[in-house]
Amino acid sequence: MKIKLDQEKCVSGGQCVFAAPEVFDQREEDGVAILLMDADDIPEDYRDEVIEAIDICPARAIELCDD
Amino acid sequence: MTKQPRRVVIVGAGQAALSCLTALRRAGFDGTITLIGNEDTPPYERPPLSKKVLTGAQAGEDLHLITTQGLADLDIDCMRAEVCTIDRDAKCIVTDDGTRVSYDELVLATGSRARPLPASIPGAQAAGVYMVRTIADSEAIAGHLPQARSCVVIGGGFIGVEVAAALAVHGVTITLLEFAEHLLARVAPAELGHWVEDKLTKLGVTVKTGTSAIEITRTQDAVSAVRDSHGDEHPADIVIAGIGGMPNSELAEAAGLEVDGGVVVNEFLATSDPHIHAIGDCAIERQHDGTFYRCESVQAAQDQGRHLGQSLAGKISTPFSEVPWFWSDIGTDKIQMAGRIDLATTIVTRGDVTSDSFSLFGYREDTFVGSASVNRTFDYMAARMFLAKGHNLDHTLAEDESVDLRAEARKLPKGR
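Top to bottom, those sequences are chains A and B. Heads up, the first sequence is in the working numbering, so the first residue is 1259 and it goes up one at a time. Heads up, the second sequence is in the working numbering, so the first residue is 121 and it goes up one at a time.
Extracted from the complex, chain A is given alone in its bound form (with noise of 0.2 Å):
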């Protein structure tokens, strides 16, 4: 699967490493989230985990790209 993750939107809550730790981590400096793998690659095994991280981020800043 496909995903965009906009730092520039980014609150820095934690709430994506908390749905799918395997997928997103933060920077330590200020918390931004970034991605453990690459973006246009997600494993399906992860689909779960990152439908819940793009439904609880606050700023919504995760985005579904496929189907």
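These aren't lab readings, by the way, just hints derived from the structure by calculation. No false leads were slipped in.
Label-pair ranges, simulated between beta-carbon atoms: (1) B:T331 <-> A:R1285: 36 to 42 Å; (2) A:A1297 <-> B:D341: 50 to 56 Å; (3) B:T339 <-> A:E1266: 39 to 45 Å; (4) B:T331 <-> A:E1302: 57 to 63 Å; (5) A:P1301 <-> B:D514: 33 to 39 Å; (6) B:P355 <-> A:D1264: 37 to 43 Å.
We put the CB at the ideal spot given by N, CA and C, even for glycine.
Here the structure of chain A is known, so what remains is to put chain B in place on it, guided by the hints.
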């Protein structure tokens, strides 16, 4: 097995409402969802209103959390109206133009509004006196800013300090007045209030604690200064009041629901009428120990909305219990809080509280109850994990900077 509702009506169209309707659809709810808001926009995020939107660095429309098309894709019936009455016997709501909308389950997500300055303060309603609550409020301030050289901010809570920092960076001369002896007094330990005061002072803000506004003076039809309770006058081309929020609970109260500093809900977010629920800023939860807790934050709006959406769709039947968390941007510095540090009787510090990187850990007796971090995301995340997993964070661990707290927290098994 309880009967699934077919018609859900949500009054209020903010972050809580959006989270609720998203969760309903995600959980497979295929009945009708009617979203009734009183602003002319899709649901939007409010935190940037006291930050970048104020200075025009971010446009109001950038805050929309979903598009009109996105709501249509979720098959949501959107209405713009004021809801005037809840007819509990007929299970319907009535809007200002007399439209009646029937519900099986009603969700109140009416939010809160900014507390206005007391009318007893001369000039409280003058042009040039603003509050920060909606996109329109912040855009009005941004529009006034090019003519403003000075500003008095009344109130040293999170809204007041964020506004002061944002405008100071923009080059406006700011005076901030706070009634309490330190900033953020209602929600955070004195150590954090002192750090914020020091930070604002460095940004050029004049911070006056232990004082309040008693008069807003005007020349012709524009504000010119604010006089404080010490008799000092502070120049002001604009005045911004951030003296707290008030829950929009009048609709619930008029319907005979229990209201006590908010719409009272139980651990399942139900009001005193089992078919009416309340989430977000308007709701106040009765805790196990009989105390009440109203959490005015994005987190509460979002987590309660999601929990209720999943519950109404029949996906979960558990009580609501999420660890509160909160953030604030003071200029380029980030404060992050987890849990209930407002309940702490003892504060343990990690790092140097006079620097721009430290954390405070709050304890009640020996139990860890919450944290506040300045530019230390990993401490904040560790605190959230300890609280969420139901483990006490020993204070010797909390204050020992040689310990990687986040790594420790990740190793914890899920407790409770």
